[in-house]
Every structure is written in structure tokens, then in C-alpha cells.
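Add chains B, C and D to chain A, keeping to what the hints say.
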Amino acid sequence: MKRVYVNEEWCLGCHLCEIQCAFANSGETDMVKAFNNSEKKPISRITVEDGADDIHFAVSCRHCDTPWCVKGCITGALTVNDNGVVQIDETRCVGCRTCILMCPYGCLTVGHNKTLLKCELCVENAGGEPSCVQRCPNNAIVFEDRDGVL
Amino acid sequence: MLKKEGEIRIPSGCAISGIINKTGECSINGSSIVKSIAHMHDRSNGLGGGFAGYGIYPEYADQYAFHVFYEDMTAREETERYLDRYFEMVNLSRIPTRKHPRIKDEPQIWRYFVNPIFTLLQEEQEEIDEKQFIVETVFHINTFIKGAYIFSSGKNMGVFKAVGFPEDVGEFYRLEEYDAYSWTAHGRYPTNTPGWWGGAHPFALLDYSIVHNGEISSYDANRRFIEMFDYKCNLQTDTEVITYIIDYLNRKQGLNYENIAKIIAAPFWEEIKRMPEAEAKRITLFRNTFASLLITGPFSIILGFNGGFMALNDRLKLRSMVTGEKDNIVYIASEECAIRAICPDIENIWAPQGGEPIIVRVNR
Amino acid sequence: MKKYKYVIIGNSAAAIGGVQGIRKGDLENEILILTAEPWQTYSRPLISYWLQGKVKREKMYYREPSFFTENNCQVRYAIPVEKINPKEKTINLADGEIIGYKNLLVATGSVPFVPPMIGLPENLNNTTNIFTFTTLEDAIGIREILTPKSKVVILGAGLIGLKAAEAMVSQSQSVIVVDLANRVLPSVLQEKSSDIVKKHLEAQSVSFILETSITEILKKDVLLSDGEKIPYDILILAVGTKPQCDLVREAGGEIGRGIVTDDRQQTSLKKVYAAGDCTQSLDMTSDTQKNLAILPNAFLQGEVAGMNMAGEETYYDQAFPLNSVGFMGLYIFSAGTYEGVVYESESPEEYKKLFIKDNVLKGFIIIGDCMRGGIYTDLIREQTDLSTIDLEMLISSPQIMIFNQNTRKEKLAQSH
Amino acid sequence: MSINFIYPEYEVVRNEKRCIKCRACERQCANEVHSYDQEFDCMEAQESQCVDCQRCVTLCPTNALKIVKTNNRYRENANWQQQTMEEIFRQADTGGVLLSSMGTPKDYPNYFDKILINASQVTNPPIDPLREPMESKVFLGKKLNKLEFDENDELLSEIPPQIELEMPIMFSAMSYGSISENAHKSLARAATELGICYNTGEGGLNQDLYQYGANTIVQVASGRFGVHRDYLNAGAAIEIKMGQGAKPGIGGHLPGKKIQEKVSRTRMIPVGVDAISPAPHHDIYSIEDLRQLIFSLKEATNYKKPVIVKIAAVHNVAAIASGIARSGADIISIDGFRGGTGAAPTRIRDNVGIPIELALAAVDQRLRDEKIRNDVSIVVGGSIRNSADVVKAIALGADAVYIGTAALLALGCHLCRTCHTGKCNWGIATQREDLVKRLNPDIGSRRLVNLVSAWNHEIMEMMGGMGINSIEALKGNRLMLRGIGMSAKELEIFGIAHAGE
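From first to last, the protein sequence lines stand for chains A, B, C and D. Once you know that position 105 of the first sequence is 105 in the UniProt record's numbering, the rest is easy, because the numbers rise by one and skip nothing. Once you know that position 242 of the second sequence is 242 in the UniProt record's numbering, the rest is easy, because the numbers rise by one and skip nothing. Once you know that position 180 of the third sequence is 180 in the UniProt record's numbering, the rest is easy, because the numbers rise by one and skip nothing. Once you know that position 55 of the fourth sequence is 55 in the UniProt record's numbering, the rest is easy, because the numbers rise by one and skip nothing.
Simulated from the structure, these hints should not be mistaken for laboratory data. One or more hints might be untrue.
Among the chain C residues that face chain A by a calculated CB cut under 8 Å, a handful are [to be verified]:
id, residue
1, L46
2, R57
3, Y61
4, K149
5, T377
6, D378
7, S396
8, I400
9, Q414
Glycine included, every Cβ here is placed at the ideal spot set by N, Cα and C.
Bound-form chain A, shown alone (with noise of 0.2 Å):
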């Protein structure tokens, strides 16, 4: 299934990901809206690593076949879909940050109400790609169907 990878080769950490991310799920229109406007800052779902020696990659859930987040739930409301996307349901997460416990990739994060935020692929914004995908200005971060390719 298509899923966001990052080619760290291509990533110039710039962070316009975590940007467009937190812009796209601000439910605003305007990013200066967004961002200038309201006493919170919109959170951004992935997160850029910058290293020494000029590395950076985007991290972002990796939505896994195995799930750790999903399967450490203690509400359920944290559920793979039919696409094998995971998906919060805000309104049944209690913000005990299990998931956040159990996730291997260190990709999830918590909102301003607390409770959990993460990467659902914009499955209810963009549509088609994802922001961080449409707009990562280097193509560092692609959607692809990669499973069975090494």
C-alpha cells in the first residue's frame, strides 16, 4: 500500500513539511491564518531530524503492519482502516500516551486538547497525497507502494 518514505539523501531540512503538515490539519485556509493567528501554533504530525554533518530526514508515522501504537490502545481508539491506515479517534482518546510509549519510531505527538496526534496519510485533507509529500520542495518525501521491495 502507498505509504510516506523519506529519502533522508534528498532531505535538506527545511522543514516545510512540518509546516504544511500542521497547516493542513489546522482546518484553517490560510496558512498565515493558521499559524499568526490563533494563540496556538498548529502542530505539525512529522518532525524533522537534523544531524551533524548535514543529515535530516522527516519522521512520520510509518503506519506498520504491526501496529505497537494500535494493539497498546487502552481506549481503542486507535484503529487500522480498511487502507491499512492507523487512525485516532480524538474524541475516545483519554491522552495517556501509551501508543506514544509503544511507537518504535518516536512519531506520535499530542495536540493542544491533549490528546494524541499523528500522521493519517491526509486522508481528510489533501486528498491524494499528502501535504508534506506534495510540497517537500526536493522530493525527500515520496508516497509509494514500496511493501515487498527491499
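Chains B, C and D only, in chain A's frame:
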């Protein structure tokens, strides 16, 4: 002021027709071809018509027959002086015409049957290329003698052309008095010319004559290339440059008409890809070597030559042309009506594809 | 007698894991679920959130109501199981019915452990203001009588006791937590970390009386071991839980610190599997048998049991203690075993303690925002050789960057 | 010198209302123009460093940025303009030769813009390339003058070595070193996908790119960097670079800081040492020497590769081209003076050479007059900016064109003309690894393929409009062109009529 052919490039639409007797027997009277072309009256606009007949001069079959327009006596005197120096003149006369109400401003029209004269020295050194000599003579006179224009220069063939509708031109030249094994005819529809007799078609050089319907878009690419090989496109007409291309490929490169068709109306690369390897290699070589001789834009031509003719459409077939056959006579024309007019029970009538040459050679 | 290919006793996380596990290998045969409770599966840890008013009753379900029909499960509520007959492969229900099984999953969970005390009623159901705190009924009972004037006393400063304290502190007059241990969360934290938690809770008005026990329950007061008497309107007994092993024990199955299973979750009884709080697990970090009564563990065990029941051979060998808990904005992660070389760091934002032994991460405690803590968990789970990673970065801020390029590529550029 | 006379050329205009302080501008500026001020929670700009490369503008997610030319003016007049004065200040400061990058920005006539293209109306049908076949394949190389057949009429002749191109466009020479590995990869991959060629330039051929050899032209220049037998045999053709349009009569100088490990290996020179290409080839001081080199290269490649000789368009270019055509070259490449460069002395770039349009017209006509046009193909470059320029060049007589600047623009170049600093923010004219990676060849090659395919579509549309269905019928077809606003002399050189005639 309107400029005439040679001063400016004049595009034109046209009608063409051709008849050939495959047996080689001079059985086709000039009136037939006149009747045929007359049926495509609306494809001409009265600014040019003409014919080429092959086998019409059996008694002078070994001499070059020069048909010449003169605008004045000076031109004629100068030309004849020039011809006198290099040729043995076997016969000279005005070409017989009849007065015609719609044919006006006729020049003096003369015909010479000549043999070129070469020096002993030239013969000894085997420097004689007789045809090249004729070509150079034609170019010289047409370029440098003001008011003189050789419009036919082959053996046992002749071109008859004038400003007017082709059927009127036929009557004017009394074509019913000529019998040929092959005729081609042309009715012209130029879009801006005062009408100059030399600019009418067929265009001929040596025994090649061309009637052409169309307007080639590759003109200047072809012209600038062919002019590297000592041709001068004085008239700036398609017919002229096509004639030179064919002369170059046939006479100078020694290519047969089948191959010539593959050069001037080359198969597309897509088709070449699907050809057997050897054929693909040959066509690729042609397209590579003679790239600038590819003719694009619409054309249908009938190329007359001694012993046959070739009809050819551009490779996209942007002009109409049909052909049919009956009792050893092959007919080709822009429109089917022009064939049915003279052969109502024509058989096997069909439209050749773009780039597909129809080559007819007489058995002799 | 009705016979089912799959019968599950219990209807909580391990049972649900069992259903999902079975469905990985068998999409056809019906599953019979027998539960003593009257209602659909709910998430037990949510009772404190419900009591606190942070979650609605209708959002407490652990799985969508359609889960059971979609998975072809027949659920019978409020039907306790009386007996397992492993030879006959049958079970006796409380209403007398006998049901045959091909594969049985025992997911009976745990029950509160209540130490003997003078004045302790025989049956807590007969009282109105003394509760344990593990089921929805407990929470419902508490809410019925909880008022802003209530004085609450909680026995036990473990996870359950403190969650109960968190739930009630803002809705009552006072909450006092009593524990025999000298610190809060004694089984999860160590001194320093425990102290941080205690101070945080105290700042939120929870009071503690430690190194003390209740010796006697009186009508309106409890008598403490130090002789003091403190009043209560609501008394919560949250000392701990014990695995519910009775059915298996009576059927002759082996019991240790819970029902003993192999790594396929099969008990010593053939075709009888067990998963969840009722079992004993091998803690991979200490190589000791423990009763790991934590939800993720229950689900994972249930899933493995279910898969094996459906013929998909699978093993569960990655159990270790793992807790994520938050108290009023303070988050605590803890995992594994606290032995080995210690790396400890403390800042106003975060307290962290890592335990590394033989180049493998054995355990950790984090108090703070805990982001990316799962990377530590994964290092424990995979027993990753730490010599291949950037240790300094690992300790200061866990991230994928700690791994070398190939590993990063595996993690981020390959399908999982 | 204590006073810096030069006022920052550009101003960074930041719309504070739109800026969300994401700091992408800061992270992406190699010139360190942008910075974040923690104390005031705002972005700041060090404008004197700005070269107007537009990287920050392009990446700013809220379009909060624009770079504008400062309107601070010296007291200039028609004679002493700002630029002129600034150059004097600069030279007075440093005592050095002024250096510039890319093509001349001066306002010399651009003849492509004074030439109009014909289309068919009524007498001749336009061809719709979407419905009818339309061919743009060209062969570059010497053409046979006479075909030989055997007695069975079978062809004996073989086509001489040729470059076969699916469309009459190639990427011009840009060396590895002057541009980055990823820029080269983009060019190589795009050329391969398009069925055209790119050109190594004089920096040798990076080992990773040998796989694209069939679409590579390997260059031999005066510095002979990276030239060895495998290199010569690796490509589709060999180009001898005699000159460059942007700097005729001048050699090249790649600063040592651009010679990192891989560049050094490819060029076969030490790391960190300046790579200097002399102005002349020191083994070519006359035309007969050139002939020797041409045949040496043909020997080395077994007469299998066509040899291109590249010259700058200078005053007597027609005569020079004639000489080259008679020296055994298969292709002559002419580079006009608006052509780009990684670095050239400003005065040379802006004052030496002639426009490519005039050079092309003169060379094509001269070779035809001398009847040797068939012996060589002509490739022209030096500011071919769009598909119409290509059509005009071919109708004037070119066989194909080289595009350099346009290709770089496709890769992201914004013509900031500071290639010589080595800090190209677009990852093109740089060897700094963090910058090089900004050009992902997946994207770069796709953009190049897009660009050239788009041009090819347009070329076909224009050809179709003229009623031409194959590019060879366009070559030298000057009748399809008309001049507009040209003098009689100019029209004469171009061999075209004025519009309206």
C-alpha cells in the same frame, strides 16, 4: 506592381492530368489530354495552362528540341547567335499556333532541333557530359539573355504552355496535330501573378517535365540545398525546384525513380521502424544523406520522362490524385472526372497513398 | 450440547486480542464469548477518566459496537462460567448449560486484592461507601455518592489508587492516600522519581500518609497503624489485583504467579489458552516470571493465543513491564527492569533514568513530556545492541538519528 | 579601505504580517542573509549578502518575501550609470579584473526577436501535430555526397558517424566542477530519456555517468582535463572546444575550492588546486594543427565518433567555419556572445563576439556558397531562449541547437549570476555537499524532460503551422522567416525578406 515568377515566389493550386500508353505506341492524340484537363476547369483560374507530350517528334528523335519564348527580336537574335555558336541547328521554326480569343499577349514562340557541338579536344579528354552541357545552356540563356526563355529542352518531347485556361492553351497550340505515347497537362491557379508565359507549367529540363499541384512548404530548404549543385532556381516555383531535385537524384546520383520517391516523399520514421532491417537501413541512409531533399507540404506531381512517367503524392496525401487503367492506357488526374471524360469505362480506378509512387514505363 | 470451534471466557482486552488473533487465521467459524459482566467490552483503565468526567459513558467501549457482528462473534452477557472440563472439552455455565469447545481462551483478568482488615465487610457489594476500583460498577457506585463535601480515603498509592485520587480530587473535599510503602507508585518508580510524582500530586491537593496501613475500618473512620483515626465518606481499597485463575486451577491447570502458559499462550491443559491479567508472563528484561497486569500485554497475548487457536503458529516472547500514566498533566513512562548502569538526568522539564546492561537497554523511567519514549521501548523490545548507535544522543534525546544510515533507511524508506 | 562604497544591491522585503517565522528562508540561504531574532521573535535580513537568487522567495510557504532591486541611486547620468560607477568602485577596492557569470545582460540587439515565422493559410494546409505524423529527428554529422551501389543495385555506402537526436536540441557544455554532480546527472538522465545529448564540458566524465554514454558528448578543451581513451570512447561524439561565446579568446579558471575529491578524480588533477584552461590549445596554433587533433581523436576512437569543433561567434566566423569544415570536423558548433558561463571577465563577456543569429546566417550561407554545407552539421548556442528561437535558428540553417542557460533555468537557476562564488543556493553551480543535494536529479531530469518536450511540442506546432511535417524541411528554409525592424544590411546577412514583402 505585381511581380512575375522569378521575382517573387508565387503559390498556386492546380489541376494535373496524365495519360500514357504502356505499349509505347504514339496512339494518343493531343485532343484527348485537352479534353481531360478541360473537365477540371474550376481548378484553374486562367493564369496558366500547359502540356507535355512524349514521342511527338519522331523525325527529330535524336535532336534536342528547344521550345523558346522571346519577348522581342533582340532576345531572339541574341539567343540564336548563342545557339549557333555551340549547336548544329537541324531545324528551326515558329511553333504553329492558332489565334484564340482568350489567349493574349503571346510572345514569339520558337522551336529548335539541335545537336551540341563539342571540340575534338573535349571529346579526346572525355570531358563531355552532353546533358550537363544542355542544362548549362538552358541556365545561361534563361539567366543572361533578357527576354529569352527556353521552356522545353528534351529529345522527342515538347512542352506547350501559355497564360490561359489549359483547354484554350491546347487549342492555341493546335495539339490535335500531335500524337504521343504519353501526355501530361496542367491547369494553374496562382494566387498573385500577372501571368507570365514562362511561369506556366509543365516545367521541363532535358526530357524531365513536371506538372504539379500543390504548394510545398519545404521550398527554401530544398532550393538552398539544390543550388549547391549548380542549379539556379530562377522562377522560384515548386515545379522548378522539384524538377531540379529529380534531375539531381536521377541524372547525377543515378538513383531510380522508386528510390527518388523514397527520398522526396520519404516514409516516416515510425514506418521505417517497422520495415525489414535491410530496407530500413536503405531508407535511413536516404533520409540521412538527402535530408534536405525531403519535400513537405501538399503536392501531387506527374513527372514525365523519356519512356514513362511517375506520379507521386506528398507523404501525407494532402492533394487529391486518382489513377486508373484500361487497355494498356494508364490515366492519372487530380479528379476522377478528368479520367472518365476520356475513358468512361475506366477500370481499376484507385487513389494512391501518400508517398506511394505510380511509375509507368513503356515497353520499347 | 452446542459446540463451538472457539470459546472465549472474558470480554476485555485479552479477549478482544483473541478475537482479532483468531480472525487472522480463520474468517469463518463463529466465536462464542462468555462474559460475567452485563455489558459490552469497555476499557477498564477508563473508569477513572469516566469518574473524573473526562470521558463519556458511550465512548468507553474498547471496540466499536459493530466489532462483534463484523467478526462473527456471539456474545453472552452476565453468564459466569462455572467449570472447565478439559477432558470432555466442555464448560459448564452458571445457568446449567454445557457447551463444547475445540479451542478455549481463558481471559478472565484479575480481581482486586483486598488485605484482611478488621471491620472489612464480607462482601463489598453490601456496603454503600467502600469500594475497590477496577470495574465500571465500582466507578458507578462511587459517582452515585461522591459530592464536593466527600472525604475520600484511598488505601494504596499504586497506579489504581493514584488514578482514583486524580479522578476524585477536584470533586471532593479531600483525598488522602494511605500506603504501607515509603513512596508512591512503589512497584513502578524508584525513590527520586516517586518523590517527583508525590510532590506534583500534593501540589494538586492530594494528601499522602505513607509507611502506614489501615488496621480497622470503622463506620465513619479508619484506624491507621500509627493509631491515628481519620474520617472518610468514601473508602477505596486499591492495594492491588490478583489474577483470576480459579477456573484453570480447578480444571487441573498449572498456576504460578498467574495461569502458566507456554510461549504460544497455551496452558498446561490441551487446547485451553490463557491471556491477559490472569496469566503469568516471562519478563524478558529480568528473565523472571511475573503477573504483568497491563493492557497492551493483555491484548498482545490474546492476539497470539487467538492466532494459535486458529492454527497460525505464533509466539509471544517480548513481554516486559511497561507503563504510561499521567496524573494531572504529569506524564510518566516506565519500562523494563531497573538494573545495570544508570544514566540519570534531571531538568525542570524532564526527569530521566536509563538502565543499560551488557550493551542493551534494560529499563527506563521518564517523567516529563515523554515524547519519542517509544524509541527506548523498542530498544528494549528488540534488545538492540547499543554499540551500533549514538549513545550520547540516545540518552539526551531519543530519535531515529541515533541509528546508523542503513538502519535509518530500513526504518524510514522501507515498508513495515 | 575603511569605507564600503557599494550599497546593497537588493532589499529583502518581508511582509511581517504574512511571515510565520518558519525559518525556511534562514535554513536555505547559503549567503546567510536571513536570521531569526529570538528576543524580538522576528526574522532579520543581512541584505548586503543577498544575490537575488530567489531561493528564499520560492520556498517561503506564505509568500511573505520578495527581493527588490534597491532604489537607492547614485547621482547617475546617461554616461555614468549606476552600474558603471559601481564597477569602478569595485575595481578601486580590489584592483582586480571584474568577473561575472552567465550571459551578458547588456542590451544588444536580439535578432531572434526581430524575426517572424510564417504560417499556412488557404493555399496550403497547416498540419495538426496531434493528428498527423510530425517528425523532429535529426542526424548530426558529415553527409555522403554520392551513394555507391553494387552491380545488383544494392547500396554499398554506409552512413558516416552521426549523432542521432530525437529533437534538434542538445544540452550545451557545462563541466563537472563548474556545475554539480546532480546537475550533470539531471542533464544526463534527461538527455537519455529525451533521446538527445548533453555535453560533459571540459571537466571530464564522472564514472557514475558512463552509463549515459550514448547520450553524452565528451569535450576536449585546452586544459585537457579528464581526457583519456575510455573517456573519448565513452560518448556519442567528441567536441573540441576552441572557444566559448561568453568569453572568446579567453580560457577558463575553476577555483581550487570547487575541486573536491570527486571532481579531482574526474578531472585528473589534485584536490584543491585551481584548474586553468589556457586561452588557446597549446597544440593548436593554426587550422592545420586543428586538423591533426581532429584526426588524432578519430584515430583514438576508431573513426566511430563524429567530431565537433566548437568556436565562439567572432567577426570572421564564416571563414573560420569554412576552414573547420575542411579540416575533417563533422559538426561545427558556434556559440554566440550571449551564451552563458560559470565565470568570465565582465569586459570580455560584454564586449567581445557577435550574436549567434548573425554568425549562423553567415556561416550557413558561406558553407553553401562553398558547396560544403553537406560536409558538416551546424549546431548553434548562445541564448536560445525558447522554441521559437529554435525554429528560427533551424530555418536560418542550423541542424540543431545547444541550450545551456535555459536548461539551468529548468533546474532552478534564477540567473543571479554569482556562479563564481560557488554558493549556488539551487545546487547547480556549487560543489558544497549540503547545496548539491538541493538538486534532486529525479526532479531535475523531469523538469528538463518537461522543458524540452514542451519545446518540441511547440516546434511541431510551429512546423505544422508552416505546413512542414519534418524538421529537415525546415532546415535552412529561410523563406519561412521575415525580418521586422531590420535594416537592409541585416536582412541581406540573414537572407530573408522584410515582413510585408
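Consistency of the hints with the structure:
1. L46: 6 Å, holds
2. R57: 12 Å, violated
3. Y61: For Y61/C, the interface hint holds, since the closest Cβ of chain A sits about 7 Å away, which is under 8 Å.
4. K149: 27 Å, violated
5. T377: With a minimum Cβ separation of about 6 Å from chain A (threshold 8 Å), the hint on T377/C holds.
6. D378: Holds: closest Cβ of chain A sits about 3 Å from D378/C, inside 8 Å.
7. S396: Not OK, violated: S396/C not within 8 Å of chain A, min 13 Å.
8. I400: Cβ of I400/C sits 5 Å from chain A, so the hint holds.
9. Q414: Since the shortest Cβ distance to chain A is 6 Å, the answer is holds.
This entry does not satisfy hints 2, 4 and 7, going by the numbered hints stated previously.
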